[in-house]
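Assemble the complex: chain P is given as a structure, and chain Y with the ligands must be docked to it using the hints.
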Amino acid sequence: MSASEPRPRTLAPFGRRLAEVTANEGRGPYRLISALDRNGPDDPRPGQFYMLATAAGWGGVSGERPYLPRAFSFCRVRNGSDVRPTLDFLLEAIGPGTARLGAVEPGEEMWLTGPLGVGFTPPNGRPILVGGGIGVAPILCLHDELGTSVSVLLGFRSGAHAAVAALFPGEPAVVTDDGSVGRRALVTELLREELGAGDDATVYACGPPAMLEGVRAICAEREVPAQLALESGMACGFGACYGCVVPTRRGFLRLCVDGPVLDAADLESAIGPGAGH
Amino acid sequence: MSGPLDICGIRLRGPVLNGSGTFDAIAARRTFGDALLEDFPFDAFVSKTITLAPREGNPPPRLWEAPAGMINSIGLPNKGLEGFVRHDLPELHELPVPLAVSVMGFSRDELAALVEEVGAREEVSLLELNVSCPNVETGLVMGADPAETGRAVERVRARTEKPLIVKLTPNATDPASVGAAAEAAGADALSLVNTLKGMALDPATGRPWLGTGAGGVSGPAVRAIALEQVREVSARVSIPVIGMGGIGSGRDAADFLLAGADCIAVGTESFRDPAAGRRVSRELTMLSRNERDFSPLRAG
Ligand SMILES: Cc1cc2nc3c(=O)[nH]c(=O)nc-3n(C[C@H](O)[C@H](O)[C@H](O)COP(=O)(O)OP(=O)(O)OC[C@H]3O[C@@H](n4cnc5c(N)ncnc54)[C@H](O)[C@@H]3O)c2cc1C
Ligand SMILES: Cc1cc2nc3c(=O)[nH]c(=O)nc-3n(C[C@H](O)[C@H](O)[C@H](O)COP(=O)(O)O)c2cc1C
Ligand code: FES
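In order, the protein sequences belong to chains P and Y.
Counting along the first sequence from 1, when you hit position 273 you're at 273 in the numbering used here, and nothing is skipped either side.
Here the numbering used here = 1-based position in the second sequence + 1000.
Keep in mind that the hints are not guaranteed to be accurate.
[What the hints assert, rightly or not] Pairwise CB distance ranges, derived in the manner of DEER restraints:
id, chain 1, residue 1, chain 2, residue 2, range
1, P, A93, Y, R1151, 36 to 46 angstroms
2, Y, T1212, P, S158, 37 to 47 angstroms
3, P, G159, Y, E1038, 47 to 57 angstroms
4, P, G147, Y, A1204, 33 to 43 angstroms
[To be verified] Residues from chain P that keep clear of chain Y, each with C-beta distances beyond 10 angstroms, as calculated:
id, residue
5, P13
6, T22
7, R27
8, I94
9, T98
10, L116
11, G125
12, G147
13, F168
14, E194
15, R249
16, I271
Hint data in this document are derived by calculation from the structure and do not stem from the laboratory.
Virtual Cβ for every residue (Gly too), placed ideally from N, Cα, C.
Excised from the complex, chain P in its bound form (with noise of 0.2 angstroms):
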C-alpha cells in the first residue's frame, strides 16, 4: 500500500453501544481493561481508537467531570471462540475520567463507541515500532499484526512503568529513564542507534510529543518513512466537533478523522499546541 492510498480504516457500528468489562489488572501503574464488545467489528485496525466512558458514574457522581468520553486506543483485539472480540485496553490515570475508567469492575458496563480514524499502514520495507509509556498501546497491537520478528523499542519512565513490556511477545528493546530496567536512554537513542541512513524501513511511534518529535526528527534526518500516532483533546472523536484539529503542513487536521496516525512527512512538528493530551 503506499502512502497516497487510504489508510486502513474499520467502519464503527453506528451509535454507542454497551460494552462489559470482563478483567481490570494491574501492570506496573498502568491499567489494562478488558471488554466484550458484542456488537463490534472483530478486526478494528492497529492505531484506532475508542471513545470509553462508564455505564454508571461517569460525572454526577464523584464530581463535576469527566462529562464527554475519552480516547483509548485498543491494544489488543481477541477473538477466541467464546470471546469474540474482546478488546484490551491500556490506562493511564491522569484525571477524572482515566481514573473513574480505571476502577471499572468485571461485569461493569462500559459505553463504547468505535473502531474511530485511521490506522497504520502496512510497511514498504522493515517495520521498526517504537512506543514510549502509554503509547505502547497501539504499538502492541500492530506488533500481533506484523508478527514477531519486527525490531520493537520501548522506553519508559521507570522500571515500574517497564512492566507492561512484558505484554510483549519476543524480547522488545526497553530503555528507562532511570535505568532501572534495561539502559538508562531515552528510546529515541535507539531509534537512533537501530536505524541507517536510507535504511529501507519504515518507523511506527507513539508516545508523548517530545518523543514523537525525536522520531519525526531522525526519520526526516534519515529519510525514512514513519507513522505517528498523536494525541489531542478529543470531545467526539467522529468529526463532529472539530475540535481536535492539529497543525499540519496540509492545515489543520482532525485527529479524530484523518488521524490519529499520520505522516511524519505531513508535520513540521510533533509538538503543537493541542499536541498531546
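For chain Y with the ligands alone, kept in the frame of chain P given last:
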C-alpha cells in the same frame, strides 16, 4: 408531539434537528459508513456554518470540559461558499432528510451574497442565519442588537424565497426583542440558543486555556438558561421556534416543547452518543404516548 410536522412549509418526519456545528454528516459517514443513512439521527440536517471565504478556524486548544458541559473555541472552520457547494453539497444531498444550510456573514453584503447563492440551490430546503458574529462595518455583534438583526434580516429577505431561520445568541440583553425584530423583518423561524460566552484557565499556568482566550459554553450546563430563553422568545413571536441548549433526553426535549418550541435540536449530546438524536426522538415518542397533557405553555 413527536410525529410528522410542517415547519415553514417543509415537511419533517419528526421534531428533532441537530445544532449547527455539532454533527458533521460527511465525517460521520466516513466513520460509520452507510449505516448512518439507514438510521439517520435527525429529522432535518443543519450544516455547519459556512462563510463566503474559506476559514481555517481558531488555533488549538479548542476544547475545555466544563462541569456538565464544555467550552469550545472552534472558529467556524469551513471551505467557504465555493468549496461547500462543490464538495459538501452533493454529499449532503444524499442524506434522507431535508437540508438546512447555516450561513454567517461579516457584513450585510456578505450575508446577502451567501443567502442568494445558497438559497438558489435545489438541494437546500431551509437557510439558517448565524448572527453571533461582529459586523465589521458597525463593530456590533449582529445578533446582540434588535435593530442590527432587523437590518440584516431585511437585507437578505428579498434574496431568497426559501424559509429563513434566524439563530439567536443568548449573549444578548434581551433575546426576545431580537427575535421580535427578526420576525418583523421577515424571518420564518427562530432557533436558540447558540453557545454562551465562557472561558477557562490552564491550571498549570493560570493563563487562558483556549487558543483564542474564550469560547462558548454548551451542554447540560446551559439547559436551564436556554429553556427560559425559549419560553420568553416563543411568547413574543408567532413564527416557529427551534429550541436547543443541553438537550440530552426525550424528557429534556419535552420540556423545550412545553416551554414553547415547535422543534428541538440536539447538539453537544451527539458528542457523547453519535445516535443521540434518534434516542431523543424515541424517548419523546414514549413520553407523548404516556402523558396526556402536552399542550405547550405558549398556547395557554
Ligand atoms: C487517539 C487517542 C488515543 C489515546 N489512547 C490512550 C490509551 O491507549 N491509553 C491511555 O491511557 N490514554 C490514551 N489517550 C489519552 C486519554 O484520552 C487521556 O488521557 C484522557 O482523555 C484523559 O482524561 P482524564 O479525565 O483522565 O484527564 P483530564 O483531566 O481530561 O486531563 C488530561 C489533560 O487535559 C488537560 N485538561 C485538564 N483539565 C481539562 C478540562 N477541564 N478540559 C480539557 N482539558 C483539560 C490537561 O492538559 C490534562 O493534563 C488517547 C488519546 C487519544 C486522542
Ligand atoms: C463544538 C461546537 C461547534 C458549534 N458550531 C456552531 C456553528 O458552526 N454554528 C452555529 O450556529 N452554532 C454552532 N454551535 C452551537 C450549537 O449549534 C448549539 O446552538 C449550542 O451548542 C447549544 O446546544 P447544545 O447545548 O445542545 O450543544 C456549536 C456548538 C459546539 C459545541
Ligand atoms: S474529536 Fe470532535 S472532531 Fe475530532
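Each hint, compared with the structure:
1. A hinted range of 36 to 46 angstroms is violated for the C-beta pair A93(P) and R1151(Y), which are about 54 angstroms apart.
2. At roughly 38 angstroms, the beta-carbon separation of T1212(Y) and S158(P) lies within the given 37 to 47 angstroms, and the hint holds.
3. Checking the proposed 47 to 57 angstroms range against G159(P) and E1038(Y) shows it holds: the Cβ atoms sit about 51 angstroms from each other.
4. For the pair G147(P) and A1204(Y), the beta carbons lie near 42 angstroms from each other, so the given range of 33 to 43 angstroms is met.
5. Listed as outside the interface, P13(P) is inconsistent with that label: its C-beta sits roughly 7 angstroms from the nearest C-beta of chain Y, within the 10 angstroms cut-off.
6. Under the 10 angstroms C-beta cut-off, the non-interface status given to T22(P) relative to chain Y holds; the minimum distance is some 23 angstroms.
7. Separation of R27(P) from chain Y is adequate, the least Cβ-Cβ distance of about 27 angstroms exceeding the 10 angstroms criterion.
8. With a minimum CB-CB distance of about 13 angstroms to chain Y, I94(P) clears the 10 angstroms threshold, and the non-interface call stands.
9. The Cβ of T98(P) lies farther than 10 angstroms from every Cβ of chain Y, with a closest approach of about 13 angstroms, so its non-interface assignment holds.
10. Residue-level check failed: L116(P) sits 6 angstroms from the nearest beta carbon of chain Y, not beyond 10 angstroms.
11. G125(P), annotated as away from the interface, keeps every beta carbon of chain Y farther than 10 angstroms; the closest lies near 29 angstroms.
12. With a closest Cβ-Cβ approach of about 29 angstroms to chain Y, G147(P) is found to remain outside the 10 angstroms limit, as its non-interface label requires.
13. Consistency note on F168(P): stated as away from chain Y, and its beta-carbon is indeed over 10 angstroms from all of that chain's, at 30 angstroms minimum.
14. Against the 10 angstroms criterion, E194(P) stays outside the reach of chain Y, whose nearest CB is about 33 angstroms from its own CB.
15. The Cβ of R249(P) lies farther than 10 angstroms from every Cβ of chain Y, with a closest approach of about 13 angstroms, so its non-interface assignment holds.
16. Every CB of chain Y lies more than 10 angstroms from the CB of I271(P), the least distance being 12 angstroms, so the non-interface label holds.
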